[in-house]
Amino acid sequence: MSRLDEAFADGPAFVPYLALGDPDLESSLEYVKALERGGADVIELGLAFSEPIAEGPTIQSAVVRSLEGGMTPTKFLDAVEDLDVDVPLVCMTYYNLIYQFGEEAGPRPFVERAAEVGLSGFVVPDLPAEESGPLREACDEFGLDLIFIVAPTTRGERLERLMDQTSGYVYVQARLGVTGAKADVSDQTGESLDRLSEWDVPKAVGFGISSGEQAREVVAAGADGVIVGSALVDIVAEGTSAASRTQSGDVAEGHENGDSTEEVAARLEEKARELKEGALAGAQARTRPERT
Amino acid sequence: MSSNTNENPSKFGDYGGQYVPEALMPAIEELDDAFRRYVLENEGGFVDEFRERIRDFGGRPTPLQYAEQLSARYDTDVYLKREDLLHGGAHKLNNALGQVLLAKYMGKERIVAETGAGQHGTATAMAAAHLDMPCVVYMGRRDINRQRPNVFRMRLNGAEVEPVTAGRGTLKEAISEAMRDWATTVENTHYVIGSVVGPHPFPTMVREFQSVISEEARRQMREQAGGLPDSVVACAGGGSNTMGAFAEFVSDEDVSLFAVEAGGSSLEVDEETGVAPNSASLSTGTEGVLHGARTRLLQDGDGQIVESHSISSGLDYAGVGPELAHLVDEGRVTPVTVDDDAALAGFHRLSQEEGIIPALETAHAVAWLEDATSDQLGDSVVVCVSGRGDKDLESVIEETEKRDIENAPDMDVFSASGAGGSE
Ligand SMILES: Cc1ncc(COP(=O)(O)O)c(C=O)c1O
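For the record, the sequence lines run as chains Z and B.
Residues in the first sequence are numbered from 1 upward in steps of one, following our numbering.
Residues in the second sequence are numbered from 293 upward in steps of one, following our numbering.
It is worth saying that the hints were derived from the structure and are not from the lab.
Every residue, glycine too, gets a C-beta built ideally from N, C-alpha and C.
One thing to keep in mind: the hints can contain errors.
[Said to hold, decoys possible] List of simulated lysine to aspartate or glutamate pairs, EDC-like, C-alpha gap at most 20 angstroms: (1) Lys182(Z) - Asp473(B); (2) Lys75(Z) - Asp592(B); (3) Lys75(Z) - Asp594(B); (4) Lys33(Z) - Glu277(Z); (5) Lys396(B) - Glu322(B); (6) Lys75(Z) - Glu564(B); (7) Lys75(Z) - Asp473(B); (8) Lys303(B) - Glu131(Z); (9) Lys303(B) - Glu130(Z).
[Claimed, not checked] What follows is a set of in silico ranges between Cβ atoms, one per label pair, in the way DEER data are often shown: (10) Arg195(Z) - Lys303(B): 23 to 33 angstroms; (11) Thr74(Z) - Asp306(B): 37 to 47 angstroms; (12) Glu81(Z) - Glu686(B): 47 to 57 angstroms; (13) Arg155(Z) - Ser543(B): 36 to 46 angstroms; (14) Arg155(Z) - Glu341(B): 24 to 34 angstroms.
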């Protein structure tokens, strides 16, 4: 059983996302720890790429902040190595960064280093099953999971191909489009979960979840976990802009005069708790019998 | 449609492929299927309808004009393939009309597109109006400022123009944003990509629609000059007029093919700002994955895409079509560069020598004749005049004033006596 399988083994998993290095490396490491305290079971760490085509405005801005703060794949991996958390960590990034890393062309050097620093898997939004062979191979070699996204438009043979390839968990994209917090749960979620019901792999729903109530609904509808990104990144962004208001833009120096890193971390922890509790409540509220 | 019809590879050597979010994959498969059936096999008479519309609405065939002054200047027979005379003023209509018509055959209800110079946006807006489809065009902020006439033309044709402010506000950012729109609306929308870039089947499909350029040029050369040219020259941004001009000549090994890239202000990357002050991805780029395809890119050592630069917004892109990258690797196509200053001089030269005001993109191709050796050009050369320059007049005035360009008119002086300046 991989570390990711274990994380889903007892009860619904809460899987938060943050871009590492947003708004600076130091603060974001504190934020990751706050998410763990708040009940995270797996944490997805975004490695910023200059062309994040699957992201909406919230995460695009986080990516820009991270890149402007000097984030690179090497710094990302080094930071993960030093990061003192117990939950499994997944790297979410775009294929070109994985492909370019190291001397030899191809994904192997990145995966090798990812294994060394203790990452558990990857989510790569611009890498469909068709193009994933080399990364899948490297992940198998070094014992990492490769998580695929199933979209509302994924059906039939495509679905089977994806389910054959995914490991750790499957990322169920709750609605069409790009990432971004939404106030409601999409109807597409239930339909997607129904299509996946016969597959024996943890199903984590993401794209648009922003509240404990939504987390409850999604888990009640059959999800094994919830993935939450933009709603958390929003908290980071607000703290960052409060800091820059009082510090004339110098946000990389900690946020002494605005919202301190501790204040933002406390808010993230509280939000994490709300989402985790929502997920737990959803599991209890499942009125339908367990899907088989 | 072209002679190499039944070929629809998803890869060109190692280049190409489909690197897109899963949500788009079913749409891309659907498109691939539609492309095969309608375009390659003429199901439902698609190709006949396309040919009729590109003739009557578009104004094809475009002339292949013998350029007397340039021929004398370069001591070789210079023929101009006049895509600037196509409706809309650029080669872009070939592809836009083809794709919008295909979208119609597929039962799609809405069109999105991105645009750099605005020519593709304009062509798509025209095709969408012609075929009665709603259309949204994403365009970088910076490009909106440099290409105002085209912004107005798109809106005249009823398209919505969505400004994109990310990054430097150029074509790269507009493509990312159009892909995001498409990922949201994929069930009823077709994304009309503007060049031979993006995931399979776009590079092949766009080349197929554009190959009408070389199909005609080849025939016209036979009729007018009695044989094939020794060389073909076309500018390369994404590479659609390039692939269009080359496609039917690729198997004619004796015809040399030159892709002219924007050398911008320098071929060196500015490490400090992370900007490549050029968009010469064939000449200076490295292999990587961007916007759905593996191809040659302007990127840093980590794989972050660097911002490109060209005086011409239609060439200002960090990537290039995968097939073109492959033909360069194979040695079949030779990439060359022309910098901003030389392109401006080329713009003025074609205007003065031949009475044709070219697009700044095209001006790069024309300008390269000045650098080319007679060995490279041979006894006859076809230059693809990819578009006309009306859209660029504001930029050309501004950029010319900043420089000392010998053959440019002095805008402050109207005649030797100064007459006509009085009120
Ligand atoms: C007139 C003209 N020529 C060339 C180009 C470059 O595109 P491509 O390389 O795809 O032909 C453009 C792009 O906007 C254009 O408007």
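Results for each hint:
no., hint, result
1, Lys182(Z) - Asp473(B), "holds, 17 angstroms"
2, Lys75(Z) - Asp592(B), "holds, 15 angstroms"
3, Lys75(Z) - Asp594(B), "holds, 11 angstroms"
4, Lys33(Z) - Glu277(Z), "holds, 18 angstroms"
5, Lys396(B) - Glu322(B), "holds, 13 angstroms"
6, Lys75(Z) - Glu564(B), "holds, 18 angstroms"
7, Lys75(Z) - Asp473(B), "violated, 32 angstroms"
8, Lys303(B) - Glu131(Z), "holds, 11 angstroms"
9, Lys303(B) - Glu130(Z), "holds, 12 angstroms"
10, Arg195(Z) - Lys303(B): 23 to 33 angstroms, "holds, 30 angstroms"
11, Thr74(Z) - Asp306(B): 37 to 47 angstroms, "violated, 25 angstroms"
12, Glu81(Z) - Glu686(B): 47 to 57 angstroms, "holds, 53 angstroms"
13, Arg155(Z) - Ser543(B): 36 to 46 angstroms, "holds, 40 angstroms"
14, Arg155(Z) - Glu341(B): 24 to 34 angstroms, "holds, 31 angstroms"
Going through the hint list in order, the structure does not satisfy hints 7, 11.
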